[in-house]
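Participant: In case you want the letters, here they are:
Number of protein chains: 2
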Amino acid sequence: MVVEGKLLGSIEAGGTKFVCAIADANFNVIEQTKFKTTNPVDTMAKTTAFFQQFNVSAIGIGSFGPIGIKEGQDDYGFITKTPKVGWSDFDFVGSLKAAINVPVFFTTDVNASVYGEYEFGTVKKDQTLVYFTLGTGVGVGVIQGGSFVGGRSHPEIGHIILRKHPDDVNFAGVCRFHGDCLEGLASGPSLAARTGIAGENISDSDPVWDIIAYYIAQAAWSVTLSFRPDKIIFGGSVSGRPGLLSKARQQFAQMNNDYLPLPDLDNYIVHPKIENNGSATYGDLALALFALQKATVK
Amino acid sequence: MVVEGKLLGSIEAGGTKFVCAIADANFNVIEQTKFKTTNPVDTMAKTTAFFQQFNVSAIGIGSFGPIGIKEGQDDYGFITKTPKVGWSDFDFVGSLKAAINVPVFFTTDVNASVYGEYEFGTVKKDQTLVYFTLGTGVGVGVIQGGSFVGGRSHPEIGHIILRKHPDDVNFAGVCRFHGDCLEGLASGPSLAARTGIAGENISDSDPVWDIIAYYIAQAAWSVTLSFRPDKIIFGGSVSGRPGLLSKARQQFAQMNNDYLPLPDLDNYIVHPKIENNGSATYGDLALALFALQKATVK
Numbered sequence: 043m044v045v046e047g048k049l050l051g052s053i054e055a056g057g058t059k060f061v062c063a064i065a066d067a068n069f070n071v072i073e074q075t076k077f078k079t080t081n082p083v084d085t086m087a088k089t090t091a092f093f094q095q096f097n098v099s100a101i102g103i104g105s106f107g108p109i110g111i112k113e114g115q116d117d118y119g120f121i122t123k124t125p126k127v128g129w130s131d132f133d134f135v136g137s138l139k140a141a142i143n144v145p146v147f148f149t150t151d152v153n154a155s156v157y158g159e160y161e162f163g164t165v166k167k168d169q170t171l172v173y174f175t176l177g178t179g180v181g182v183g184v185i186q187g188g189s190f191v192g193g194r195s196h197p198e199i200g201h202i203i204l205r206k207h208p209d210d211v212n213f214a215g216v217c218r219f220h221g222d223c224l225e226g227l228a229s230g231p232s233l234a235a236r237t238g239i240a241g242e243n244i245s246d247s248d249p250v251w252d253i254i255a256y257y258i259a260q261a262a263w264s265v266t267l268s269f270r271p272d273k274i275i276f277g278g279s280v281s282g283r284p285g286l287l288s289k290a291r292q293q294f295a296q297m298n299n300d301y302l303p304l305p306d307l308d309n310y311i312v313h314p315k316i317e318n319n320g321s322a323t324y325g326d327l328a329l330a331l332f333a334l335q336k337a338t339v340k
Numbered sequence: 043m044v045v046e047g048k049l050l051g052s053i054e055a056g057g058t059k060f061v062c063a064i065a066d067a068n069f070n071v072i073e074q075t076k077f078k079t080t081n082p083v084d085t086m087a088k089t090t091a092f093f094q095q096f097n098v099s100a101i102g103i104g105s106f107g108p109i110g111i112k113e114g115q116d117d118y119g120f121i122t123k124t125p126k127v128g129w130s131d132f133d134f135v136g137s138l139k140a141a142i143n144v145p146v147f148f149t150t151d152v153n154a155s156v157y158g159e160y161e162f163g164t165v166k167k168d169q170t171l172v173y174f175t176l177g178t179g180v181g182v183g184v185i186q187g188g189s190f191v192g193g194r195s196h197p198e199i200g201h202i203i204l205r206k207h208p209d210d211v212n213f214a215g216v217c218r219f220h221g222d223c224l225e226g227l228a229s230g231p232s233l234a235a236r237t238g239i240a241g242e243n244i245s246d247s248d249p250v251w252d253i254i255a256y257y258i259a260q261a262a263w264s265v266t267l268s269f270r271p272d273k274i275i276f277g278g279s280v281s282g283r284p285g286l287l288s289k290a291r292q293q294f295a296q297m298n299n300d301y302l303p304l305p306d307l308d309n310y311i312v313h314p315k316i317e318n319n320g321s322a323t324y325g326d327l328a329l330a331l332f333a334l335q336k337a338t339v340k
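Same order as they appear, the protein sequences are chains A and B.
In terms of my numbering, the first sequence opens at residue 43 and continues consecutively.
In terms of my numbering, the second sequence opens at residue 43 and continues consecutively.
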């Protein structure tokens, strides 16, 4: 298929903001726009207005969840049950296609990110990658054998149960479903709930980072045992804190206690290779190309 | 390929005992033998002596671990680092093939079990299955998209960290690497360590089963979030305790707290379909057939 001259679209559909981008077939971003996530009607109107300026050939969508990502299932293309007002049972793909009828690839924001790191993050193509985002929530995407992991639906590893840090036993956590699951204990809002200070204003020397590092280490240990990945990538605003992954690697080594042979931890528990939170955009664009190629060979 | 008339072999290589079987190409077991696992030389001599009585065409091996299962890696076919005396770095496949040079499929005991349930347990072929064995140790095998899950090596989900049950906080656990990981808290030896009574002699009404059920529920929750499976199967001597899975389902429902849509739990957290601990044997035989077919089309 000739893709030269085609334009690819990316929608990063976050619970807080949408980022839409247009790129050429070599993944050079031509134009990008960001706007606040409000109600689905207004938000989709802005999204379609952006893409209607271009002759876009395919769009990759990395969405906040939970969402229906299995083609053929009734909920495919929908935001499913979300606390975000107005978005439960919203037909995302259907409403986009009603305005712009091009091939789309619809997946989670973290699947898009892990795919971006897989395609452009200089890893070998047979590698198993796990991508965590620690921000407003905690999401996890996994790629193995070139495919996203997930049977009935996408992983929900943000809600694993952790052993509490001794200095954190009285903190109830902020997850509205589970209280003190991973998301309840290590998302951005958990920092403000513990300290009364917004996460970005907490000093690097605050002991809360030792607690977060312990939970990151447990999260890394859990996916190590489940998937035996080649790399575990921590993105999102919380993970970017200087020194945090270094602390987590130390805790992780203690958890392993020389049981599993592991790569050098500095190259195993890592930040994204793609800078400026770009993993999801590049992942979306690569998935748009995938959708375009799939539609063409039909 | 004509498989009619061919004989298939199964080796269930357990840390306590070996079970070897011969079956016809329709998976009817013709002969079976069991013996104690001693040192590798004597144990392999008994194994090869059994198979040399037959004109076996291929052998499936489900072994205790950790083992090297990735063809092309240096440790493929080996038992790797095990506390079991004499078995560390033992070349299992090499020593078998030196005596009986037929195609083999070498995987973990729990991968063999999950494959048996996948092939013969009346599930649909696109389903994602997780198989736990709770016995002397805790092992986990996962199949998704028809393939075993595991990147650099096989899963080691037996060593996940659990939140302790309030009535179990002072129990240190029995895992020699991690103390109170899943294996340290829910394997057979943990029962004797807590109560002073061998697991099989503990009464059904003992409160220790509430503790074990809580850990089984956490294990099921962890793999639910990681793999979004269609079914989670609990085999092994501990899991067989009457009423235990029923208690675990109740705890599991509380953990989910209506977050994820799930199938009826009675059909989700289940015992093996294949009776009398036969999942591994049938899995080995099916994997032997797979190895034979693969070798033939080369």
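Hints listed in this document are in silico derivations from the structure and should not be mistaken for laboratory results.
Incorrect hints may have been included.
For identical chains, the list gives no copy identity; a pair is met inside one copy or between any two copies.
Stated by the list, open to error - Simulated pairs of lysine to any residue, SDA-like, Cα-Cα distance not exceeding 25 Å:
#, residue 1, residue 2
1, Lys123, Leu302
2, Lys59, His207
3, Lys336, Gly188
4, Lys123, His207
5, Lys206, Phe219
6, Lys206, Gln292
7, Lys123, Asn309
8, Lys78, Thr58
9, Lys139, Asp209
10, Lys123, Arg291
Participant: Can you give me the call for Lys123 and His207, within, between, both or neither, at a CA distance of at most 25 Å?
Facilitator: neither (31 Å within a copy, 30 Å between copies)
Participant: 25 Å Cα cut-off: does Lys123 pair with Leu302 within a copy, between copies, both or neither?
Facilitator: Intra 38 Å, inter 9 Å, cutoff 25 Å: inter-copy only.
Participant: Pop the pair Lys206 and Phe219 into one bin, within, between, both or neither, using alpha-carbon distances up to 25 Å.
Facilitator: Both. Shortest intra-copy (17 Å) and inter-copy (20 Å) distances satisfy the 25 Å Cα cut-off.
Participant: Are the CA atoms of Lys206 and Gln292 at most 25 Å apart within a copy, between copies, both, or neither?
Facilitator: both (17 Å within a copy, 23 Å between copies)
Participant: Given a CA cutoff of 25 Å, do Lys139 and Asp209 count as a within-copy pair, a between-copy pair, both, or neither?
Facilitator: neither (50 Å within a copy, 55 Å between copies)
Participant: Between the shortest in-copy and the shortest cross-copy C-alpha distance, which are at most 25 Å for Lys336 and Gly188: within, between, both, or neither?
Facilitator: both (15 Å within a copy, 22 Å between copies)
Participant: Pop the pair Lys123 and Asn309 into one bin, within, between, both or neither, using alpha-carbon distances up to 25 Å.
Facilitator: Classified as between: cross-chain Cα gap 23 Å, same-chain 36 Å, threshold 25 Å.
Participant: Are the CA atoms of Lys123 and Arg291 at most 25 Å apart within a copy, between copies, both, or neither?
Facilitator: Cα proximity of Lys123 and Arg291: across copies only (23 Å, versus 35 Å in one copy).
Participant: At most 25 Å between C-alpha atoms: does Lys78 with Thr58 qualify within a copy, between copies, both, or neither?
Facilitator: within (6 Å within a copy, 61 Å between copies)
Participant: My question is about Lys59 and His207: at a cut-off of 25 Å on alpha-carbon distance, are they close within one copy, between copies, both, or neither?
Facilitator: neither (32 Å within a copy, 40 Å between copies)
The structure is inconsistent with the numbered hints 2, 4, 9, although it conforms to all the rest.
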